[in-house]
Structures are given as structure tokens and as C-alpha cells.
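Going down the list, the protein sequences come from chains A and B. Per my numbering, the first sequence runs over residues 3 to 264. Per my numbering, the second sequence runs over residues 9 to 298.
Treat the hints as calculated values from the structure; they're not laboratory data. Ideal placement from N, C-alpha and C gives every residue a C-beta, glycine not left out.
Output of the computed footprint for chain A on chain B, the stretches with three or more beta carbons under 8 Å from beta carbons of chain A:
hint, region
1, 195-204
2, 215-228
Straight-line alpha carbon distances no greater than 20 Å define the calculated DMTMM-like cross-link-like pairs of lysine to aspartate or glutamate that follow:
hint, chain 1, residue 1, chain 2, residue 2
3, A, K216, A, D191
4, A, K81, B, E200
5, B, K135, B, D195
6, B, K291, A, D149
7, B, K295, A, E103
8, A, K80, B, E196
9, A, K76, B, E200
10, B, K295, A, D149
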Amino acid sequence: MTTLLQLNHVSKHYGNDTKALSDVNFSVKEGEFVSIIGPSGAGKSTLLRCINRMVDANSGEIIFDNVDIAGLGKKDLKKARTKIGMIFQHYNLVNRLSVIENVLHGRLGFKSTLAGALGLYTEEEKRQALQILGVLGLQEQIYKRSDQLSGGQKQRVGIARALIQNPKMLLCDEPIASLDPNASKIIMDHLKNISASMGITVLVNLHQVEVALKYSDRIIGVNKGSLIFDGPPNEITAEIIEAIYGSEAGDLMFDLGGQYAG
Amino acid sequence: MGVDQSVKTVSADSINSFHLNEKKRIKVKPFNKASLIIQLTIISLVLVTIYTFISFDYSDINLFEGIISTFQNVKIMFLEPHFKHFSFVTALYQVMITLGLAFLTTLFGALIALFLGFFAARNLSSKPVSAAIKGFVAVIRSVPTVLWVLIFAVAAGLGSVAAVIGMTFHTVGYLIKAYSESFEELDEGVIEALKASGANWWQIIFQAVIPSSMTYIISWTFLRFEVNFAVAVAMGAAAGAGGIGFDMFMASGFYFDLREVGVITYFVLAFAIALELIATKVKTNLKTSA
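Use the sequences and the hints to build the structure in full.
Right, here's the structure in full:
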């Protein structure tokens with residue numbers, strides 16, 4: 003498999019002294035399912051947003067699909083962003099619009115300003131939207147207003163909006179942090195399925211270590227803006243969890259880490 | 009177990025000591041600068057009011073008689089209205105002119121304000137642009153509508169043209185503030201999501217910002233329409249803009265005909281109530297459907 007994403011010496015600080023990321027290096031192969039774990043405020047969200055430049059890194063290279071994202075101009079950046087889907091903790095749907103309208107928003111980056119502003123989508127795009135909604139089990143909800151959906155359904159709409167971009171990679175920022183265990187499992191299964199069957203690289207920020215251990219091909223551990231761990235789930239030990247989350251959290255998760263890593 | 013108990017004793021102790029130390033009455037509101045200023049303001053307002061009433065110069069007007077004759081005038085106005093200088097149909101036509109003035113200025117104002125509102129909203133625009141528009145708009149709003157009409161009357165002459173320009177001007181100022189503030193309340197994440205998928209600014213405006221703030225836009229515009237109707241009546245009297253306001257001015261200031269003033273007041277009142285009812289209906293419809 004070829005390398006899709008490569009981060010070289012990426013650093014980011016807010017203001018003068020708040021360091022969010024310091025010298026982050028890692029690479030992700032095509033079709034890989036990678037989880038990023040770490041305590042709140044460790045820089046997971048910043049790391050994810052640096053990749054599609056929702057946040058601008060201060061230094062370093064971000065090579066995605068053989069292009070350095072960090073050096074792109076406005077127009078090329080928009081083009082690059084169409085190849086990267088993004089999924090959010092709070093779904094970030096337009097509440098007053100229907101499910102299918104929200105899904106079709108994923109096509110805006112491919113359209114002219116006017117066609118996009120007026121919401122003129124081609125039949126082909128609409129057909130694709132319906133097909134993706136079918137795969138995600140939302141065929142009953144197509145014309146519902148998106149604020150009438152449950153959290154799990156909203157997140158599936160979010161996934162559909164990302165998938166209709168035909169992306170090479172999905173960035174998922176805490177996709178299950180606001181969901182109950184049942185909906186969380188459905189969402190994670192869909193993400194895993196997307197990565198396995200469509201060959202789309204998936205990069206997920208997670209709070210739940212056990213979920214990361216279960217679903218990931220690889221886990222990246224972040225603490226205070228630095229990479230602490232980068233390897234397959236079976237190399238995770240209680241010591242590593244402790245290093246990522248700090249000593250007290252290590253105690254708390256000892257059983258968990260031991261169980262899976264054992 | 010040991011840990012649990014120690015935690016409990018510590019918390020119980022701290023609660024006890026907290027209560028013991030509070031010998032005074034427990035205040036619900038913290039005493040700070042803001043509450044002090046509010047209290048001082050209220051006290052000084054009360055003092056000013058008392059002073060004004062004491063120092064009123066009633067001269068030769070008997071307060072009691074004055075009140076009585078006021079009530080008599082009100083009674084004549086509302087209980088004995090009649091048409092003298094114009095007919096019912098003319099009055100209706102004149103109200104329509106006033107309504108037209110209000111509609112036109114609201115429409116122009118809303119279109120301009122919608123466009124500028126995007127640039128005035130902090131989350132959709134850059135800081136200097138937003139600050140510049142908001143500052144300019146604050147100046148427009150601080151001058152009353154009537155003054156704007158009179159200012160434009162210098163160039164356009166007293167009449168409907170000055171009224172339309174002046175009222176539109178103030179409407180723009182008012183609606184830019186209202187619109188841009190509703191845009192600013194939009195969930196930042198929605199904009200982020202569309203940006204992340206490669207959408208450009210205009211697409212985000214039309215696909216996310218406008219649909220999300222449609223209810224606000226409609227209700228602010230209606231509110232301004234009602235205000236503009238009232239202002240349009242006044243403009244007929246003060247700036248010669250025509251409509252029912254001019255008839256009212258003639259009836260009261262020229263013919264001293266209280267009964268006709270009563271008729272006109274009823275007309276204005278009826279239309280204002282009708283507008284209010286329509287606005288409420290549209291708003292509820294908008295909230296339940298779509």
C-alpha cells in the first residue's frame with residue numbers, strides 16, 4: 003500500500019506560549035484505519051484540523067496525495083479539501099434543511115459558485131446521495147428535517163455528506179463522543195466498513211481507548227502536543243496508556259489496557 | 009472504604025465550617041460594581057422625577073380643569089368621529105399610500121441590509137470590515153428617522169422622495185444590526201463543516217447561513233415594517249410625504265377638527281393591528297413548517 007498522508011515536523015502554537023502541537027511526525031497508508039487517542043486538550047483536534055488546514059500549522063510539511071497541503075493557495079486548498087471528508091462530534095448539519103440537502107452539501111466544492119449557492123445539483127449527484135443514504139440505512143429519513151433526527155442518525159447524515167465527496171480520506175473528530183453506546187457502535191461499524199470496503203483512509207480522534215483498540219489498524223497516542231505512541235493496537239500496554247493519559251488515568255485503565263493488550 | 013470515609017468527613021466538615029462562618033444574612037446576589045451602578049441609577053432617576061414635579065411651572069393652568077378638558081377632547085375624538093374634508097374611500101386610499109411608503113422603504117432597506125449584513129457579521133467577514141460597517145451603522149441608527157428624512161430633504165426637497173431615501177437609510181442601519189447579530193448566532197461548526205468540504209463563501213452563505221437564520225430575518229423585517237408604517241404616518245405630517253399622515257396634519261393643525269383626527273386614528277390603528285396579526289401568523293407558520 004502506498005503512503006497517502008505524511009506529516010513532517012508539524013508544529014502549532016496558539017499565541018506565544020500555548021503549544022498545541024510540537025514536532026509531530028507520522029504517515030498513514032491508503033485504506034488504513036488510524037485512531038488518535040489522548041487526554042482532552044492534548045491537541046488531537048488541532049492535529050486533525052491541521053491536515054485539511056481548518057487550522058494553519060506554524061511549521062512543517064503535510065503531504066497528502068503527493069501534494070504539500072501547507073503550501074497550497076486558496077483555490078488549490080479548496081480542491082484538496084474536496085478529497086478529504088470531515089465528520090464532527092456535533093454533526094454540524096444545517097438543522098433547517100432536509101437530510102438529502104445536507105448530504106448534497108458535500109458536493110458544493112465541486113460546483114460553480116452560482117450552482118452551489120442556488121442548490122442546483124445534477125441527477126447523478128442526487129442518485130449518489132440516495133445510494134449512500136441507503137447504505138447507511140437512512141432511506142426512510144430522506145426528506146425529514148435534520149433536527150428531527152436522533153444523534154446517531156445525524157452522525158450518519160454527517161458521514162453521508164463526507165462520502166458524497168468521494169474522498170480519499172475521512173477525518174473524524176470525536177465522532178461518537180455525544181452518542182450512546184448503541185449508536186456509537188453503529189457509527190464505528192460504518193466507519194470501519196467504509197475503510198475496509200471502499201479503501202478510504204480513516205483518521206479518528208477518540209476518547210474511548212477500548213473503542214480505539216477494537217477498531218483500529220493503528221493507534222497514535224498524543225499528549226501535550228507530542229506523539230507518545232505510534233503502533234498497532236496489540237502493542238499498547240498499561241505503561242503506554244499511563245504515558246498518554248498521565249499516571250492516575252493509567253491506574254484507571256489498567257484492566258482495560260491489560261485485557262486487550264494482554 | 010477507608011478512602012471513601014475520609015472523603016465524606018472532609019466534605020461534612022467543610023460544609024459545617026462554611027455555615028458557622030456565615031453569621032450574617034446570606035446574600036443571594038453578589039454585591040459588585042454592576043449592581044451598585046444600577047441602584048445608583050434608579051435612586052437618581054427617582055430624585056430627578058420628584059424634583060421635576062415640585063418645580064413644574066403650572067402658571068395659570070388649573071391642573072384639574074386641564075385633565076377634565078383633555079378627557080373631553082379624547083371623548084370627542086373617539087366617540088364622535090366624522091368625515092368632513094375627505095370621504096371614506098379617500099381615507100382608505102391615503103392609508104394605502106402610507107402603507108406603500110412603509111413597504112417600499114422596508115423592501116429596499118431589507119435588500120441592502122441583507123447584503124451588507126453578511127459583511128458586518130464577525131463570523132462571516134474580516135474583523136476590520138465588520139467593525140467598519142458596524143461603526144458606520146451605529147452612527148446611522150443614533151440619528152432618528154425623521155432627522156434623516158429632513159437631511160435628505162435638503163437635496164431632494166420636502167416630499168415623498170426624501171421620505172423614501174431617509175427612511176430606507178435608517179431601515180438599513182437598523183436591519184444590518186439585527187441581521188448580522190442573527191448571523192453571528194449561527195453555529196460555528198456548520199460553517200466549518202461546509203468549509204472543510206471545499207465550499208466557497210457564497211455557497212456557505214446561501215446553503216447554510218440564510219436557511220439557518222430565515223426565521224430571524226423574517227421576524228426582524230416584519231418588526232421594521234411595523235415601525236416604518238408608524239414612521240410613514242409621521243412623515244406624511246412632518247415631511248410632506250403624503251398619505252394619511254398629511255390628512256392628519258391638516259385635520260389637526262389646519263382645521264382643528266378633533267373628530268376627523270379621531271377617524272384617522274381609527275384607520276391607522278386598524279391597519280397597525282392587521283399588520284401585527286399577519287406578522288404573527290407568518291411567523292408561526294414559518295416555525296412549524298419547513
